[in-house]
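Enquirer: Starting from the known structure of chain A, arrange chains B and C on it as the hints suggest.
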Amino acid sequence: MSVSTPQVSEAPVLVLEDLRVSFRTDEGDAEAVRGVSLSLGPGESLAIVGESGSGKTVTALSLLDLVPRPVGRTTWEALRLHGEPLPGPGDRGWEGLRGRRIAMVFQDPMTSLNPVMTVGDQIAEVLVRHMDLSRKAALEEARNLLAQVRIPEPARRLADHPHEFSGGQRQRIMIAMALAGAPDVLIADEPTTALDVTVQAQIVGLIRDLQRASGMSILWITHDLGLVAGLADRVAVMYAGRVVEEARATDLFRSPAHPYTALLLRSAPRLDGALERLAAIDGQPPSLLSLPSGCAFADRCPLAEARCREADPELREVGSAHLAACWRSDEVARMGGGR
Amino acid sequence: MSDPRIWRQLRRHKVAVASMVLFGVAAAVCFLAPWLTPYEFDAIDLSRIRQPPSRDHWLGTDDLGRDLWTRILFGGQISLLIGLISAAVGTGVGTLVGAVAGFFGGRTDALLMRLTDVAYSIPSLPLLIVLASFTQSAFMMIAVIIGLLSWMTTARVVRSEVLSIREMPYVEAARSVGARNRRIIWRHVLPNALGPIVVGGTLAVGNALIVESSLSYLGLGVQPPTPTWGNMLRDAQSTMATEPWLTIFPGLAILLVVLAVNFIGDGLQDALDPRVRSE
Amino acid sequence: MMLGISVIIFGIIQAAPGGPETMLLQSGRIVDPEVIEAYRVRLGLDQPVPVQYVRWLGAAATGDLGQSFARNRPVKDVIFEHLPASLELMGAAFVLAAIMALLLGVVSAVRQYSWIDHLGTGFSFAGIAMPVFWFGLILQLVFAVRLGWLPVSGRQTVGMNSFTDHAAHLVLPGIVLSLRYVAGWSRYLRSSMLGALRSDFVRTARAKGLSERRVVWVHALRNAMIPVVSVMALDTAGLFSGAIITETVFSWPGIGRLFVVAMTQRDYPVLMGILLLGSLMVILFNLVADLLYGWLDPRIRYE
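Residue numbers (the numbering used here), protein chains in the order written: chain A, -18 to 320; chain B, 326 to 604; chain C, 8 to 310.
In case anyone wonders, no lab produced these hints; they're calculated from the structure.
Okay, the calculated bits of chain A under chain C, using three or more residues with CB under 8 Å as the criterion:
| no. | stretch |
| --- | --- |
| 1 | 82 to 90 |
| 2 | 96 to 104 |
| 3 | 107 to 115 |
Which chain C residues stay away from chain A? Per the calculated CB distances, all over 10 Å, these:
| no. | residue |
| --- | --- |
| 4 | Pro91 |
| 5 | Glu95 |
| 6 | Leu103 |
| 7 | Met107 |
| 8 | Leu291 |
| 9 | Ala296 |
Quantities reported herein were computed from a predicted structural model and do not represent experimental measurements. Quick reminder that beta carbons are idealized off the backbone N, C-alpha and C, glycines included.
This is chain A alone, in the form it adopts within the complex (with noise of 0.2 Å):
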């Protein structure tokens, strides 16, 4: 792994502490964030791994306080940008922020660009917004992101509407209107989930291109772990809302301290190729709306005893920048192989 790894003193560009997250349904409010802390260092890549359900999409619009009110109520004990707090949930100081300081990337490009408005104008209406441009020199300097993002004959296409390009290329059009505020940090939700296998790596070469050109932090949002081995250089990984084991890439593919992890990355595609068996993960993650009050991981681990059904593991220091939350994490890399 070539991705050089940020010095512990830099002063972190992003820091979130305590996020909580519930949902108002019929039958009760569930919680899809529970007390979720990160930090994101200059020009760093972070990745969220987790199912659908985990919170890491939630968690993510909480960055930018796009999370749904009324149904959704987000609560946060500190949220800071270079060091200054970021206006509270619901404040109407987000506006000028989003889009500018922090910009993100959607993961269905077919459905994330407005269907009767010009890319052109779509992407200019953020350069309006903010960076004090005219419509005219922001129409001037939409072709140019067009460009950056490798969209042939830019000036062309500025007037076309989004069907009339594919969805890789509607992808590079939602990376050029979050790039347009010059963001500090760039929320990339799945960009690729949606796009063809070889698109995919062209999306992810695109983004990491533009962040070693612009220095902006990275956060990933994925359930693909295959993929964060090559892009990421610290990987958090959610279940059921809450992180369970946030490490260096490296190290957490190289000794898991979290059941869940180990027993994901067993059931990723080996990227060396090896023809493994896929292992599944028996069950299913618990019902945000009825958590056990024990470790929400317990129902489905190998390692579970009758401790983990009682309390509820803190994160905690297992190694060097490697934090975990298990009762016996010293005990994963000596689990049994799975099925």
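Expert: Chains B and C only, in chain A's frame:
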């Protein structure tokens, strides 16, 4: 409709439940009118003309001294019957046309849908006015005519419903064991298209009540002395300034009943269509 | 299409009992059968029905809708005389309905389940459940008779020709005619807006840091309007039916009122002319709806 889940769903729609009760009570009161009021609907009492609402005459009397409450009840019988009959006629014709067009497809479908388009394009109220003027204002005729002019929406809905149902496996299965067309339509296709038909039929009752009252207001509906809510309003217009109760109450009767019917339709729609329910 | 409509209209009118002769008989002036026969011949009513139809249709195609029985003038002139008043009323009602529905629909969707949303829901249910003429009568009673703020009926006060007088006469009929459309369109726009507000591209617009006003009124509304606009275009043709009732309530001298008067006079050429005009409007606005749809939704043009 026999599906218990639908009833459970419907019961959750509280406004619809209240509306069903209201509609039931209103219908019962209207049809039990002879036992509920001491007056005859056409009993003229010139000693008590134009009285405002009082204890003897709950809603007052008109310019011939007839009791307004009594007339609203008897008028309600006619108005409700017209509403129900015309909704039945319109829904029946619409279902038939839609089912035949959707099921047989091809030229039959093209022809029937063209006909539907044509019928759709003629403004219905003016046409209704012309037709109603032929009928000597017999209430059955008026009900049938209103029904005959409001089948197009049902036909379109049923057709599209049938088109999608036709391709379902159980219809294929019925066909493969040699079931006859009529039997397939009757036993397999229509029961599954029942949702939109019932909803459309319910809303048609309300619409027919409004149309009847409009025709009566123009003097082309059921003629006095037989009271309907519409022709009572027509009679009331000339004395609106001095006896406003004569205008207010029959209109309120229409408003409440149509409101109830529409809420029932709304509740049924929510209960029968899982897609709408999600909110 | 138009041909089918013309056959139906003609057929129904043909089936109508009585005709000009009934009218003449009822007037009590003419009883001589020979005079009536001469009259019939003059109007072409002695010919077989198909011949009458072809003649009527041929003439109608060139804009000649025949002679009015009652007024003894070309139907076309009679209709054109009444058209401006109707267009004025329909135009006012349309503008009012569009503005009200837009505000109510968008605000109800943005503030779903708020008091204004519930008020809008109640209003639209009531608006649809209320006979238009009754609403008109109640407004007359309150604002014209009791409060005396606005004129009861008519298009202008006799002898006055000021703009304010004219506008004051337009207020109540305009509101009455627009009621149904405000009720229908606002609900439709509300549900369309609710869908748009939940869509991914609105989330993108928010993530771009756009102001909430721009997110709602530009990004969401432009998409939500697409289905609503075509419904509005289709409904506009129906304004004509509504105008019959509204014009009668307010003695507004337009096409609708003309239709009711012609009905009582059994003036069939006028009735046929108006029906044909109404159908033409429906077809025209169907076309307008299609064109608007293609214009608003860029995806349509390329498919």
